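Protein chains in written order, with the working numbering: chain A, 925 to 1352; chain B, 925 to 1352.
Hints should not be assumed to be uniformly reliable.
Subject to a maximum C-alpha distance of 20 Å in a straight line, what follows is the list of computed EDC-like cross-link-like pairs (lysine to aspartate or glutamate) [as the list claims (entries may be wrong)]:
id, chain 1, residue 1, chain 2, residue 2
1, A, K949, B, E1213
2, A, K949, A, D977
3, A, K1261, A, D1118
4, B, K1257, B, D1145
5, B, K949, B, D987
6, B, K1288, B, D1333
7, B, K949, A, D977
8, A, K1261, A, E1046
9, B, K1261, B, E1043
10, B, K949, A, E1213
11, A, K1013, A, D977
12, A, K949, B, D988
13, A, K1282, A, D1309
14, B, K949, A, D1215
15, A, K1261, A, E1043
16, A, K949, B, D1215
17, B, K974, B, D987
18, B, K1282, B, D1215
Just so you have them, the derived chain A footprint on chain B, three or more residues with Cβ under 8 Å [as the list claims (entries may be wrong)]:
id, segment
19, 1034-1042
20, 1050-1057
I should point out that these hints are in silico values taken from the structure, not numbers from a laboratory. Since the structure is predicted, the reported quantities are computational estimates derived from the model, not experimental observations. C-beta atoms are modelled at their ideal positions from N, C-alpha and C, and glycine is treated no differently.
There are 2 protein chains.
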Amino acid sequence: MSEPLRLGIAGLGTVGVGIVRIVQKHQALLAARAGRPITISAVCARSRTKNRDIDLSDYAWEDDPVALAKRDDVDVFVEVMGGHDGPAKDATEAAIDAGKDVVSANKALLAIHGQALAEAAEAAGRVIRFEAAVAGGIPVVKALTEGLAGNDITRVMGVMNGSCNYILTRMEDAGLSYEAVFDEANQLGYLEADPELDVGGIDAAHKLALLSSIAFGTQVDFDSVELDGIGAITIEDIRQAADMGFKIKLLGVAQLTGRGLEQRMSPCLVPDTSPLGRLEGGTNMVVLEGDAVNQIVLRGPGAGEGPTASAVMGDIMDIARGHRMTTFGQPAKTLRKARAARAAVPAPYYLRMQLIDKPGALAKVAHALGEAGISIDRMRQYGHDDAAAPVLIVTHKTTRTALEEAFADFNTTGVVTGDPVAIRIEAV
Amino acid sequence: MSEPLRLGIAGLGTVGVGIVRIVQKHQALLAARAGRPITISAVCARSRTKNRDIDLSDYAWEDDPVALAKRDDVDVFVEVMGGHDGPAKDATEAAIDAGKDVVSANKALLAIHGQALAEAAEAAGRVIRFEAAVAGGIPVVKALTEGLAGNDITRVMGVMNGSCNYILTRMEDAGLSYEAVFDEANQLGYLEADPELDVGGIDAAHKLALLSSIAFGTQVDFDSVELDGIGAITIEDIRQAADMGFKIKLLGVAQLTGRGLEQRMSPCLVPDTSPLGRLEGGTNMVVLEGDAVNQIVLRGPGAGEGPTASAVMGDIMDIARGHRMTTFGQPAKTLRKARAARAAVPAPYYLRMQLIDKPGALAKVAHALGEAGISIDRMRQYGHDDAAAPVLIVTHKTTRTALEEAFADFNTTGVVTGDPVAIRIEAV
């Protein structure tokens, strides 16, 4: 049996504790599979005294993750602290400098600093692996970079924020407003300390940016993700969508076309009979499309102690087996800087707006759409008690740019009150 | 850039041609990802003159796969010929003897001779990879052996024969008999030359035996798979199942319990709202359950040129990157010989039988079930014109052994005509 692979674990929250549990419980299994033992040399967290219900007495304790990262008895620095700057970044850089491999669950750090970190690691002959940063327990990074390595990837899609999917599913099931379900989810502890990370789509956009990079061989570019949260979705939108055979999902979509790289994280309508449409509650789903494989759908838990620790352990086992992957599937220096293509791929859209109830209002809206080159597939006006009439329109294929042109025009008509809502209908 | 990885491809059917196409089309992409070019040195097939619509002029031709396997200019022997003995086996053994790595799509060969081949390869320091042998384009071998390497795997399930799933789906959609849809599928070329490989569940059982081995660290044991095809399923079974909220699927299930390794490939009832229940047509689905990750569901094309070639290329890319996996996830010599546990895990069953229409018949059947310790959850007797009445029974949890005991008892009652049908209701 070869030398043990020695871990230094920075962060003893849910995920860190999950990793310690697996290493302790599955000693023999991991050694049999990797051909060498996996051991823990040292751990580090903010509080040493917090009761975590695990035995840490065999491991050295460090208060400072940078000190942990530099320890001579650590081969792999396991970063499960979180935060895209500060200690997590400092310690990851220190680990690379000290010649350690890195396994990280930190989507924010990698979505923002991934290119620089990958270049530094590869220059030092080290690896950075991040399966746990994307879609929790689903081994999607591995599927994309290794399993589908023979494919030109054509599109990547995913529902990658369980909290948002929970909220949208619950709104529909219980007929509750966004605000009511948001409060409920917050009280149940389903949302991040800063809920905007969830409902604003930021957390999911970090994941999408990482997936785009490994799918298309491009430098990770979080800033170019078109980002739209679920806060504007009403129960009425959900009902109307259902009526037309659709579900509303916070869907990430990345596509590389002749016009550049399009990355969107936004509410979308998807057919209710599709795997994405049928995804309920907190589960994640990623759809991978390649020229040879056609389409693969992966479904699993997107968060939680066990699933996230499972993903971290997968990376650790790869390193223990001597499988050394480049961070983003090909050498970081060969990753292209993709031109960001905003709204390049046309799609039908679902539009909701309030019209002032006077003759000719609908005609003015239809005219504005026509002027922007947008043709209408379906339109509905609803009964109403107040001065503004809710109107729903489903367009034929168009672009976000054309829609924005039309929306600007709406303002000059004087018949549209408030902001119109536009939700893309994604073909899945 | 490092030395090219040189392939010798044995078999130029659909899959072989697909591999050649990918290597030719994605030269630059593959080299960027693997850090070295992937090239083809030689190919081999039964007919040299057959028009395959690809340019093979740059590759040496061998008539004999054994000669191909031994060539000095071949690093990886790619076996996509098929057949569990004869040339495929001879050539695979020759490749290992000659110090080549092997990538195989041959489920039958590996399900039957996998242990011996893996031991030989590992003794020679060579790898055998077989992603394409299980569930086509879905990277499930990789997900299990690598992505979930930190998990104690608790259960593996799958719909892994697209033809059977097509037949069952089509029976339900079109209201046709098994025989009618079988003929239709056969005429459309959906079935193997020997259809029993498909509808008898043998092909899917090969895949299940391979999955069991990598899931549980046991020696591949195809002979112990409890095998039951779809030939006895009637349109009435499908309708009754639907009525109770179930679909009938040819489902493979492998579980390692205290009593041993249970491997079943048989028609099962699954909830119609579950991912497995919703799987329609020729698509494959594999469900992986582990103690940390809980449950992962993978869905994708189970056959076809592109998907199967995609899986083969994934293995080739791993080898090109220097990722050397043991065949079954841990050294072949450490794989345990599992005791085969037949029907160890109890489940509710759906029973269908014909009773002679005379007073007390139903009571006799109920009594026989009771004597075998089987309690009845639901029972239905249908209107009928002839002398035998169709009766459906859903039992509470029981075992196949108890059912067989009851069925033997049925014979002595003199009221059951023909063979009763028992379909397991699998919790998914």
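Hint check results:
1. A:K949 to B:E1213: Given that 20 Å is the threshold and the Cα spacing comes to 17 Å, the pair holds.
2. A:K949 to A:D977: Holds: K949 of chain A and D977 of chain A sit about 14 Å apart, inside 20 Å.
3. A:K1261 to A:D1118: 31 Å, violated
4. B:K1257 to B:D1145: 15 Å, holds
5. B:K949 to B:D987: Distance ~25 Å between K949 of chain B and D987 of chain B Cα, so the pair is violated.
6. B:K1288 to B:D1333: Status holds; Cα separation ~10 Å.
7. B:K949 to A:D977: 54 Å, violated
8. A:K1261 to A:E1046: 18 Å, holds
9. B:K1261 to B:E1043: 14 Å, holds
10. B:K949 to A:E1213: Within the cut-off at roughly 17 Å; holds.
11. A:K1013 to A:D977: With Cα atoms ~28 Å apart, K1013 of chain A and D977 of chain A exceed 20 Å; violated.
12. A:K949 to B:D988: 50 Å, violated
13. A:K1282 to A:D1309: 14 Å, holds
14. B:K949 to A:D1215: Measuring from Cα to Cα gives roughly 11 Å; hence the hint holds.
15. A:K1261 to A:E1043: 14 Å, holds
16. A:K949 to B:D1215: 11 Å, holds
17. B:K974 to B:D987: Since the Cα atoms of K974 of chain B and D987 of chain B sit roughly 13 Å apart, the hinted pair holds (cutoff 20 Å).
18. B:K1282 to B:D1215: Outside the cut-off at roughly 52 Å; violated.
19. 1034-1042: As far as the segment 1034-1042 of chain B goes, the hint is violated, because 0 residues have Cβ atoms under 8 Å from chain A.
20. 1050-1057: violated (count 1)
The structure fails hints 3, 5, 7, 11, 12, 18, 19, 20 (numbered hints given earlier, in ascending order).
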